[in-house]
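Participant: What follows is each chain in one-letter form.
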Amino acid sequence: MEPIRMIRSRTVVIASTNIDTDQLMPARFLTTTTREGLGQHLFADWRYDAAGQPIPSFVLNQPQAKGCQILVAGRNIGCGSSREHAPWGLYDYGFRAVVSTEIADIFRNNSLKNGLVPVVVDEATHAWLLENPGAEISIDLESRVLRLPDGREVTFPMESFARYCLLNGVDETGYLLSQIPAIEAYEQRIGA
Amino acid sequence: MNPTTLFEKIWRAHEVVAQTADTPAVLYIDLHLTHEVTSPQAYSMLRERGLPVRRKDRTLATMDHSTPTDADQLFGRIPIKLESAAQQVSQLEKNCAEFGVELFAVGSPHRGIVHVIGPELGATQPGKTIVCGDSHTSTHGAFGALAFGIGTTEVGHVLATQCLLQRKPKTLAVNVEGALPAGVTAKDLVLAIIRQLGVSGGTGSVIEYRGSTIRGLSMDERMTVCNMSIEAGARAGLVAPDETTFAYLKGRPRAPQGADWEAAVARWRTLVTDEGATFDREIHIDATTLRPMITYGTHPGMSVAIDEAIPSDGDAVYQKALSYMGLTAGQSMLGQPVQYVFLGSCTNGRLSDLAAAAHLLKGRRVAAGVNFLVVPGSDAIKREAEALGLDRIFKDAGADWREAGCSMCLGMNGDTVTKGAYCVSTSNRNFEGRQGVGSRTLLASPATAVAAAIAGHVADARQLS
Ligand code: SF4
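Protein chains in written order, with my numbering: chain A, 1 to 192; chain B, 1 to 465.
Don't read these hints as lab results, they were simulated from the structure.
Treat the hints with care, since some could be wrong.
Stated by the list, open to error - Reference excerpt, derived from the structure (chain A facing chain B, CB under 10 Å, subset only):
1) Thr33
2) Ala50
3) Arg83
4) Glu102
5) Ile103
6) Asn110
7) Asp122
8) Glu153
9) Phe156
To be verified - Reference excerpt, derived from the structure (chain B facing chain A, CB under 10 Å, subset only):
10) Glu8
11) Lys9
12) Lys56
13) Gln87
14) Asn371
15) Arg429
The C-beta atom is built at its ideal place from N, Cα and C for all residues, glycine as well.
All chains should be modelled from the sequences, with the hints used to inform the complete structure.
Facilitator: Set out below in C-alpha cells:
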C-alpha cells in the first residue's frame, strides 16, 4: 500500500444522514470478483436515472466534484452491509478521506484497510463543512489534524495501529502473518 | 476474580496477543463462515501471496446471496438468468475446490443462508468466536458466541491466519423484562429496541440481551433479535447460553457428541455475565407495553406500532425518506396497499417463522394483486416444512413456494420488487433500493406479513386469529 501522510483537497458534501453501504454500492454490483472499476457504480441509484443517464442535480455529476478527494457526509455514514465494495468504490472514484460526525464500525474498518481515511469530527466543525461545500481543507494523518481554510485546526481520533499502517504503507496482512508463531502457540495451548 | 461480562470472558479466551496502546489484539477465530459475494477477492489475495487456507477445518462455505430460488435455474435444468450471479457461484466452487474448503453447494442437503445453516448444523456454539464477511453474522450471538461481520480484507486475514486484528469494543446491556403480549413477536421486539437505540446507538459496542423476556425466547426468536443488532450499529449481539440453547444444540451433526457433550455443556454453563459485572451502558425495555411493529422509512429505526401514525416531526432528510416511500406524516400504516410480501431471510426464514405464517394463512387466500414469495432459510428447513405440509398451505393460498436463499432480502439473484411497489418484508433492511431499484420496503414480522398478503394492504395480524 502507498503511504499516506497528508490529503489536501476541496470537499464534496453529501449531507444525508445514515448513508448506508447499499446506497454507496447497490447489491447488483457485488457480483464482481475483483476490486477494480467500482467507482463508476458509486452511489449508482442517486447518480443515474433509470436509463443510465447522469442526474444533473446529484453532486457527483457536477463539474466542481471533479478531482475532489474528500467526501463530507451526514452522520453515521457506512451503516448496514459489510460489503467492502463500498470503500473500494469510493477509493476507485478518487476519494481518499470520508469526514462525518459518526462512521459505522465495519465500514470504518474496511476503509482503513484500503487507504480511505475515516475522519470523525465534532458537530460544529461538521456543520461548517456541510455549509461550505468545495472548501479546500487538509487532513494531516501524522498529527491527526484537519485544517480548515481559515487555518483553524481540529484534531480527530485515529486508532494508533491503523494510523501507523497508513503512514508507513504497512499492510495488516503482513503484520498478522508475522504473528504466526504466537498463533501456533495459542493453538497448542487450547488444543485447537 | 473480578465479576466479568459474558463478552469479556469470550474475548479473553481468544486473545492470542492482548491489545496495547500501539497495537490491537490478535483475536483467534474458531469458526469462519464464507459465501460467494464477499470471498472472491480474499481468495485472490491468497493466490497472489501463495498462501493456503490455514485452518480448513474451521472454515465453511455456502452459496446463498446470488443463487436463484427458482428450482429449474437452481438445479441447472435451465441456465441461471443473471450471468454475473452464475459466474460468482462458479468462482466460489473453484476457490473451495482449489483451497480445500468444505462447501455446501447447490444440491447439498446443508445448503442455505449462511446464518441459518451454522446454527442448524450445530457448528455455531456457545463461547466461540465466529466471523463471516457479512454484517448479519451477529445472528450467531443468540448462542452466546461472539459473532460479528467483517470485510473482505479481513476474510483474507482469517483465511490466511485464523486471526483478526481487533480493538476491544464497549459493552451495552439491553435489558428486556416482562411477557410479550399476545401477537407480539421477537421481530417486533427487536424493531422496538432499534427504534429506542437509534440506528447508530450501538456503534462501537457489543450488545448483551438480558432479562426475563429474552430468557423466555426460543432459539429461533433469539436469533431474530441478535440478527438485527447490526441495524442498531452494534457489530455483535449476545444472549447467554442456557437450557434452551443446550436443548437446541443437542444431537446436531457438528455439536459435541457423547462424553464431549457433557464436558461442553459444563463449560458453556460458565458463559454468563457474573453478578456485579458492569456494562459501559445499559438500556431497559418493558416488553409488556409492546405492539406489533412496522417500518415506514428508509432505515430500520424508522418504525411505528402497527396502529400508530407516522410521526410528523422531522428534518429534510426525514422528509426525503417519506417522499421516497410515498408516505405522509400523520398517516396510519394500516390500510396502506402492498404489491409484494416476502417471507424469508436470516431474520425470519426459519421453520418456526414459516409455521407461524402458515398457521395464520391456513384456509385463507392471498389477495389479488399481491405477489407473496415464501423462501425458506435453508434446504433443511424447506424439507422439514414440506414434511409438515406447510408448502401446501402456502401454495393453496396462492403464495409462491421457493428454493432456499437470500432472495428478495437483497435482490441480488434477480428476485426483486418493482420500482415504486410496496413490499411487506420479514427481512432486516428497508434501505432505498434494497429489494430492487425504487423498491419500498416495510419491515415486519411473519404474522404481519401474512396479514398484509391476505388483505392486500397493511393489516393488524392480531385481528386474524
Ligand atoms: S438473508 Fe439478507 S441479510 Fe441475511 S445473509 Fe442473506 S442477504 Fe444478508
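Participant: Regarding the hint that A/Thr33 lies at the interface with chain B, is the smallest CB-CB distance below 10 Å?
Facilitator: holds (4 Å)
Participant: Report holds or violated for the interface hint on B/Gln87, using the least CB-CB distance to chain A and a cut-off of 10 Å.
Facilitator: At 7 Å from the nearest chain A Cβ, B/Gln87 passes the 10 Å test, so the hint holds.
Participant: Once the shortest beta carbon distance from A/Asn110 to chain B is found, is it less than 10 Å?
Facilitator: holds (4 Å)
Participant: With 10 Å as the cut and Cβ atoms as the points, is B/Asn371 at the interface with chain A?
Facilitator: With a minimum Cβ separation of about 20 Å from chain A (threshold 10 Å), the hint on B/Asn371 is violated.
Participant: How about B/Lys56: closest beta carbon in chain A under 10 Å, or not?
Facilitator: With a minimum Cβ separation of about 13 Å from chain A (threshold 10 Å), the hint on B/Lys56 is violated.
Participant: Identify whether the interface hint at A/Phe156 stands, where standing means a beta carbon of chain B within less than 10 Å of its own.
Facilitator: violated (15 Å)
Participant: Are A/Arg83 and chain B close enough, Cβ to Cβ, to be under 10 Å, as the hint says?
Facilitator: Where the cut-off is 10 Å and the nearest Cβ of chain B is about 7 Å from A/Arg83, the hint holds.
Participant: Holds or violated: is the Cβ of A/Glu153 closer than 10 Å to a Cβ in chain B?
Facilitator: At about 24 Å, which exceeds the 10 Å cut-off, the nearest Cβ of chain B leaves the hint on A/Glu153 violated.
Participant: Take the shortest C-beta to C-beta distance between B/Glu8 and chain A; is it under 10 Å?
Facilitator: violated (17 Å)
Participant: The hint names A/Ala50 as touching chain B; please verify it with the least Cβ-Cβ distance against 10 Å.
Facilitator: At 7 Å from the nearest chain B Cβ, A/Ala50 passes the 10 Å test, so the hint holds.
Participant: For the restraint on A/Ile103, tell me whether the closest CB of chain B is nearer than 10 Å.
Facilitator: Holds. Min distance 8 Å.
Participant: Quick check on A/Glu102 please, does its C-beta sit within 10 Å of some C-beta on chain B?
Facilitator: holds (5 Å)
Going through the hint list in order, the structure does not satisfy hints 7, 8, 9, 10, 11, 12, 14.
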